[in-house]
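2 protein chains.
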Amino acid sequence: MANPLDYNALNTITYGLYLVSSYDGETKNALVVNTAFQVTAAPAKIAVSVNKNSFTRQLMLKSGKFAVMPMDEKTPFIFIGRFGFRSGKTFNKFENIEFTVGKNGCPLIKEHTLSAVEVSVEQTIDLPTHTLFIGQITDAQVFNSAGKPLTYDYYYTVLKGKTPAGATHL
Amino acid sequence: MANPLDYNALNTITYGLYLVSSYDGETKNALVVNTAFQVTAAPAKIAVSVNKNSFTRQLMLKSGKFAVMPMDEKTPFIFIGRFGFRSGKTFNKFENIEFTVGKNGCPLIKEHTLSAVEVSVEQTIDLPTHTLFIGQITDAQVFNSAGKPLTYDYYYTVLKGKTPAGATHL
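From first to last, the protein sequence lines stand for chains V and H. Using the numbering used here, the letters of the first sequence correspond one by one to residues 23 to 192. Using the numbering used here, the letters of the second sequence correspond one by one to residues 23 to 192.
Excised from the complex, chain V in its bound form:
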């Protein structure tokens, strides 16, 4: 019998958890993603992978702008759920949430995040279920230099968080 693939091998890949926001005119949204990485140092470019079903992705494609905010390890579960488990298509995620508008027009949320990187989209890569957005960093600021980044591992093992089916369609 052929040895089956053991997909537990993929559980040892390290991910963070990030709020990614965007806008189109008066409409704004943000979701939670686990894949963000710096592409080059100079010029400073960053990439994020966003599920194709998400409303935020539609806004990113329209405006060509997004912001990435690494989340704080101390983020309450309910805050993660608000942005991570619900869809901006049918729910106003920003109701009663404090935010400012970044230089690139995207909503920035300081609460429970460590920093914000504002980005202009330069390239989109079509992947089977996701779009990889690559862009130039146009602004970057630190909100909380003492906090620790929330990792997916911490979320899963300490916060006992699980991703509901369809939760990445945000």
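Just so you know, the hints here were simulated from the structure itself, not pulled from any lab data. No incorrect hints appear here.
Example chain V residues on the side facing chain H (calculated, C-beta under 7 Å, incomplete):
| # | residue |
| --- | --- |
| 1 | TYR29 |
| 2 | ALA31 |
| 3 | THR34 |
| 4 | ALA58 |
| 5 | PHE59 |
| 6 | PRO92 |
| 7 | PRO150 |
| 8 | ASP161 |
| 9 | ALA162 |
| 10 | VAL164 |
| 11 | THR173 |
Keep in mind that this is a model prediction, so the values were computed, not measured. Glycine residues also receive a C-beta, built at the ideal position from the N, C-alpha and C atoms.
Add chain H to chain V, keeping to what the hints say.
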């Protein structure tokens, strides 16, 4: 005065540390990368970002095969340096290192790694200093289910590791 970009904002992005190996005929090499992520669950695809100056990248382009091995948090610094700070162009990284040959032909190193994912390259994305390799997972196995993945944060803050200039050209 315009507010300068605070690139410390990028220090809160979470990365792991991975051995990535490849081969071309009798020639094999492996390097350390910090960017690997699952692209889709079904079919199972993975991506890694590899510096354009690296010897391993040349082998990946020739054979179209690579293996990704998330490193164990307990990996000794000298082992990371062997694969991460030296170039396979002038140094045989596999001398006195135990390895097996994976189904896809790539060398697999169990020592100090948690798992191995074997990949056939399907797509390469040209980034300014790196190439993003995206491929189909053809085999996956767990070596150490009790170990914790080594993160870049742990490497930097606990092991006090720094990346020497040019160290990603591996």
